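Q: Start from the sequences and build out the full structure, keeping to the hints where you can.
What follows is the residue order along each chain.
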Amino acid sequence: MAETYKPEAPAHRPAAQHDAHEHSATPYVVVWLVLCGLTLLTVMTGKQHLGAIALPLAIAIATTKSLLVLLFFMHLKEQKGIYGMIIFVSVLFALLLMGMTITDVATRFKPLSPAGAPFGSRVQLPDDAEGGDKPALEKEVAH
Amino acid sequence: MLQSIDGSPQTLAAPAEYTPYLKDGTTVMSWLNTRDHKRVGVMFLVLVTLGFFLGGIFALAIRIKLLQPGPFLYDAMTYNRLFTLHGIVMIFFFMIPAIPSGFGNFVLPLMIGARDVAFPRLNLASMYVYLLGASLALWGMIHGGVDTGWTFYTPYSSTTTTNAFPVILGLFIIGFSSIMTGLNFIVTVHTLRAPGMTWMRMPLFVWAVYGTSIIQVLATPVLGLALCVVGVENTLHFGLFDPTRGGDPLLFQHLFWFYSHPAVYIMVLPAMGVMSEVICAFSRKNAFGYNMIAYSSLGIAFVGFFAWGHHMFVTGQSSVNAGIFGVISMLVGVFTAIKVFNWVGTLYRGSISFNTPFLYACGFLYFVVFGGMTGIALATVSLDVHWHDTYFVIAHFHFVMVGAVIMGFLAGLHYWFPKMFGRTYHDGWGLVAGSLIILGFNATFIPQFLLGNAGMPRRYYEYPDQFQALNVASTAGATLLAFGLLIILVYLVVALVSGKRCEQNPWGSKGFEWMTQSPPSTHNFDVIPTITTGPHDYRTHTHSAAFGVHHV
Amino acid sequence: MSSAATPAAGHDPHELDGVPEGILAHHYSSLAAQNEAVRLGMWLFLATEILLFAGLFAGYAIYRFQFPEAFAEASRHLDLSLGTLNTFVLITSSFTVAMAIHFARTDRKNLAVACLIFTIACALGFLGIKSIEYMHKFQEGALPGPYYAFKEVTAPGAPMYFTIYFLTTGLHAVHVIIGMSVLIVLTFKTANGRFSSKYYTGLELGGLYWHLVDLVWIFLFPLLYLI
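Protein chains in written order, with the numbering used here: chain A, 1 to 143; chain B, 1001 to 1552; chain C, 2001 to 2227.
One thing to keep in mind: the hints can contain errors.
To be verified - Covered by chain C, according to a simulated footprint, are these stretches of chain B (three or more residues, beta-carbon under 8 angstroms):
| id | segment |
| --- | --- |
| 1 | 1143-1157 |
| 2 | 1189-1199 |
| 3 | 1210-1222 |
| 4 | 1245-1259 |
| 5 | 1378-1392 |
Stated by the list, open to error - Each computed SDA-like pair below joins lysine to any residue, with the alpha-carbon atoms no more than 25 angstroms apart:
| id | chain 1 | residue 1 | chain 2 | residue 2 |
| --- | --- | --- | --- | --- |
| 6 | C | Lys2109 | C | Val2038 |
| 7 | A | Lys110 | C | Phe2057 |
| 8 | C | Lys2130 | A | Cys36 |
| 9 | A | Lys110 | B | Tyr1491 |
| 10 | C | Lys2198 | C | Asn2110 |
| 11 | C | Lys2198 | A | Leu76 |
| 12 | A | Lys110 | B | Thr1244 |
| 13 | A | Lys110 | B | Gly1326 |
| 14 | C | Lys2109 | A | Pro27 |
| 15 | C | Lys2198 | C | Asp2017 |
| 16 | C | Lys2189 | C | Thr2169 |
| 17 | C | Lys2189 | A | Ala25 |
| 18 | A | Lys77 | C | Phe2088 |
| 19 | A | Lys77 | A | Leu38 |
| 20 | C | Lys2198 | A | Leu71 |
| 21 | C | Lys2130 | C | Ala2149 |
| 22 | A | Lys77 | C | Gln2034 |
| 23 | A | Lys47 | C | Phe2088 |
| 24 | A | Lys110 | B | Met1312 |
FYI, nobody ran anything at the bench for these hints, they're computed from the structure.
Every value quoted in this text rests on a predicted model; they were computed, and no experiment measured them.
Idealized CB from N, CA, C, for every residue including glycine.
A: What follows is the structure, given as structure tokens:
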């Protein structure tokens, strides 16, 4: 009377638990060496202090490194797309948080932002006898 | 007798012997160490109800003081603590977990044909984490409380001498409970659906809870960080938000509202899911525009993340940001509107049974429309300059939060009560209590719209004399509201203890959860069903007279 | 509720050969379904960790934007060689944990345990190097807000850099400790033969968490040390 339950065939990619001795360690070694190389690259370019290009370059290298870790060490390359989608969406929302916060500070009326505030952010050292109320960005106020 | 979920008529044969989940182990330990999602759901319901009544006591204390414009009953510092604790308890102890962790836990696996949630032990752990966080926060409340407002704005939250730290830590811990629940439900929906249940055959409550879970998983960590940093500031005074050290108080507000705006959708979305279920069941019609309701659940979850700056229109945010957030905040209203039109479309030409859950559904529609519209008005930056931090805002969010969410909670409670406990309550009393609640609610908060528009600020201990009449009216309404809620407590407890035992499906609903016993056995289904139809499918007419529901 | 390894109705009876007792929960249709569920759960948890750090990155971003000179100057006073060493240490630990999983799923238990122990050693090394750096900061007076006494960097907003530095690296170090604890537990389980080509999901999940710890540092390092 009861229906026999036939489980759905779970959809997993072939690179699962059947290839016990075909799975190679070479990709891991290669990725590790590339990661080390990229680390050296970011340190060398970082020390050059390349000005405006420095930050985008550092982020680009860091992104490349993280993609390598995600795709190969964390096996996103051979697994279901949903896992990658989760990371993609969470990074997107992280960028949203950072983006709108930066936009706020960047487009604010200057005296309302930390560097332009009348309080100033002059560093007060313990043995510093002076007070100090200059805004940090005096020149900024002019434009 | 187990019914297969293919729309075949139900029999009224005497039920076969089975052990309902309530009787499967009767020791205290069998409850405290349960893996059964239904027991976890019931325990959560008990805990959130306690939280609700605690928050309600704080609310009444506030309202009673506000009968008098001048000092009355207690001092201003106590008043500050009371409104802070009212907000904290209501939001974190009740509204966030109530429908997902209470009803979601109970009903979601039944609705998708699963035997349990994906991670039963994590589920139980989420309840203990909730309990730990709540206890810690309660301890802080008893030992001095906190007076910063539930929003913990800096720099006051960094410098207040009240006992903020245990409360902050308690809320940080409760956040984990929310994340665990959301994670559990997402995995459950992805991996444990019965054979034949495609995504577009899932009940609409499942879609709503799925959307809610996405918000819980993505937004709560940011609150965790915000509370973490405020806790560090409160104890170690690093100066991250201190303007004299170059800090930006608004950074905290960005972090806080990035969670707290999506949080309101954590509260509302499951209530909307309950609405979909109740409206379909009590108008005996398939959902009008099922696809649109399902996609709108995801739409609200997604777009809700882009709107947080509307809480900061007047606190120093740039006007560029204000403009962007203002526009996006209005977009979120579109998805709610889609749902409301679809629900009304479902009701149209339906065969209405005016029982208690349906009364709450009507209340919900009214509250979400008017509360939502005042929300759109508030999203207009120029208007918000006048209304911000006044009672207008309070009335708006109570309309949607209390109005809509409480209606959803009570609708779910009354709809699924027979499912959970196998007994019925007195529907007449349900209608009386529901009417009192709806009336009392209106009487409480409509005066507050008028007060806010006239300029009465929120969180103020004293107010000008000319506002007294409206304040008195509001307190009277609150008393009526409280009375209605107490009536519910009475008749539901009576029903639990000595209510009439009911058959498997007293409402004649086509919801999947009604196709197994009421109350269900521990393992939910003797055999996992194969799904061949869509959800809430009323196209095959089953005569409901035998179930005693009245027709309008 | 049965927790024995007897396969439920409908399972391939050979599916659970070689899998430890009690792994498969009763409400899953198969071990593969359970593995996917557990993996999905872990990825969702990683998503929460990403959002957790996002808030601190937002704080970093606005303060760097406001005080570019202070940030650049302060960053130059960090010990770049120690930071670079730490980066290599974490990348290598990521490599060794991936190798540990590789060895476990190809039935080479001892190599897997060795790799895990090396990973834990790297974690300890990271924490040790970080402690040395923190000690330097304490000695120099390069501390957050009111505790700031670092005479060499006095550009406006300098204490804010160190506030962010301590908060981000502190939160990261907490996660290193958590990840290390997870790895220690997994090392014992691997040594006891729990993981094999038939079942290595637990190890895989622990590895995922460790990779996340590495991912966060991959971004923290250039942002803090290489301004």
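Q: A separate judgement is required for each hint: does it hold in the structure or not?
A: Status of the hints after comparison with the structure:
Evaluation of the coverage hint for the segment 1143-1157 of chain B: breached, as 0 residues show C-beta separations to chain C shorter than 8 angstroms, against a requirement of three. Only when three residues or more bring their CB closer than 8 angstroms to a CB of chain C does the claim for the segment 1189-1199 of chain B stand; here the count is 3, and the claim holds. With 6 residues having a Cβ less than 8 angstroms from any Cβ of chain C, the segment 1210-1222 of chain B passes the three-residue criterion, so the hint holds. Coverage of the segment 1245-1259 of chain B by chain C holds [criterion: at least 3 residues with CB-CB distance below 8 angstroms; count 8].
Only when three residues or more bring their CB closer than 8 angstroms to a CB of chain C does the claim for the segment 1378-1392 of chain B stand; here the count is 0, and the claim is violated. Distance restraint check for Lys2109(C) and Val2038(C): the Cα-Cα separation of roughly 23 angstroms lies within the 25 angstroms cut-off, and the hinted pair is therefore satisfied. The hinted pair formed by Lys110(A) and Phe2057(C) meets the criterion: a straight-line CA distance of about 22 angstroms does not exceed 25 angstroms. The suggested pairing of Lys2130(C) with Cys36(A) holds, with an alpha-carbon distance near 20 angstroms, which does not exceed 25 angstroms.
Distance hint between Lys110(A) and Tyr1491(B) is unfulfilled; the C-alpha atoms sit about 60 angstroms from each other, more than 25 angstroms. With a C-alpha separation of about 17 angstroms, the suggested pair Lys2198(C) and Asn2110(C) falls inside the 25 angstroms cut-off, and the hint holds. Restraint check for Lys2198(C) and Leu76(A): satisfied, since their Cα atoms lie roughly 20 angstroms apart, inside the 25 angstroms limit. This hinted pair checks out: Lys110(A) and Thr1244(B) have alpha carbons roughly 16 angstroms apart, not beyond 25 angstroms.
For the given pair, Lys110(A) sits about 22 angstroms from Gly1326(B) by alpha-carbon distance, which is consistent with the 25 angstroms threshold. A threshold of 25 angstroms between alpha carbons decides the hint, and for Lys2109(C) with Pro27(A) the separation of about 20 angstroms falls inside it, so the pair holds. For the suggested pair Lys2198(C) and Asp2017(C), the alpha carbons sit about 8 angstroms apart, so the restraint of at most 25 angstroms is met. A threshold of 25 angstroms between alpha carbons decides the hint, and for Lys2189(C) with Thr2169(C) the separation of about 30 angstroms lies outside it, so the pair is violated.
Only pairs whose Cα atoms come within 25 angstroms are accepted, and Lys2189(C) paired with Ala25(A) is accepted, the gap being roughly 22 angstroms. Only pairs whose Cα atoms come within 25 angstroms are accepted, and Lys77(A) paired with Phe2088(C) is accepted, the gap being roughly 24 angstroms. A C-alpha spacing of about 20 angstroms is found between Lys77(A) and Leu38(A), which places the hinted pair at or below 25 angstroms, so the restraint holds. Our distance criterion of 25 angstroms between C-alpha atoms is met by Lys2198(C) and Leu71(A), whose separation comes to about 23 angstroms.
As the CA atoms of Lys2130(C) and Ala2149(C) are separated by approximately 20 angstroms, the hinted pair is consistent with the 25 angstroms bound. Restraint check for Lys77(A) and Gln2034(C): satisfied, since their Cα atoms lie roughly 21 angstroms apart, inside the 25 angstroms limit. Among the hinted pairs, Lys47(A) with Phe2088(C) is consistent with the structure: their alpha-carbon atoms are about 17 angstroms apart, no more than 25 angstroms. With a CA separation close to 17 angstroms, the supplied pair Lys110(A) and Met1312(B) stays within the 25 angstroms bound.
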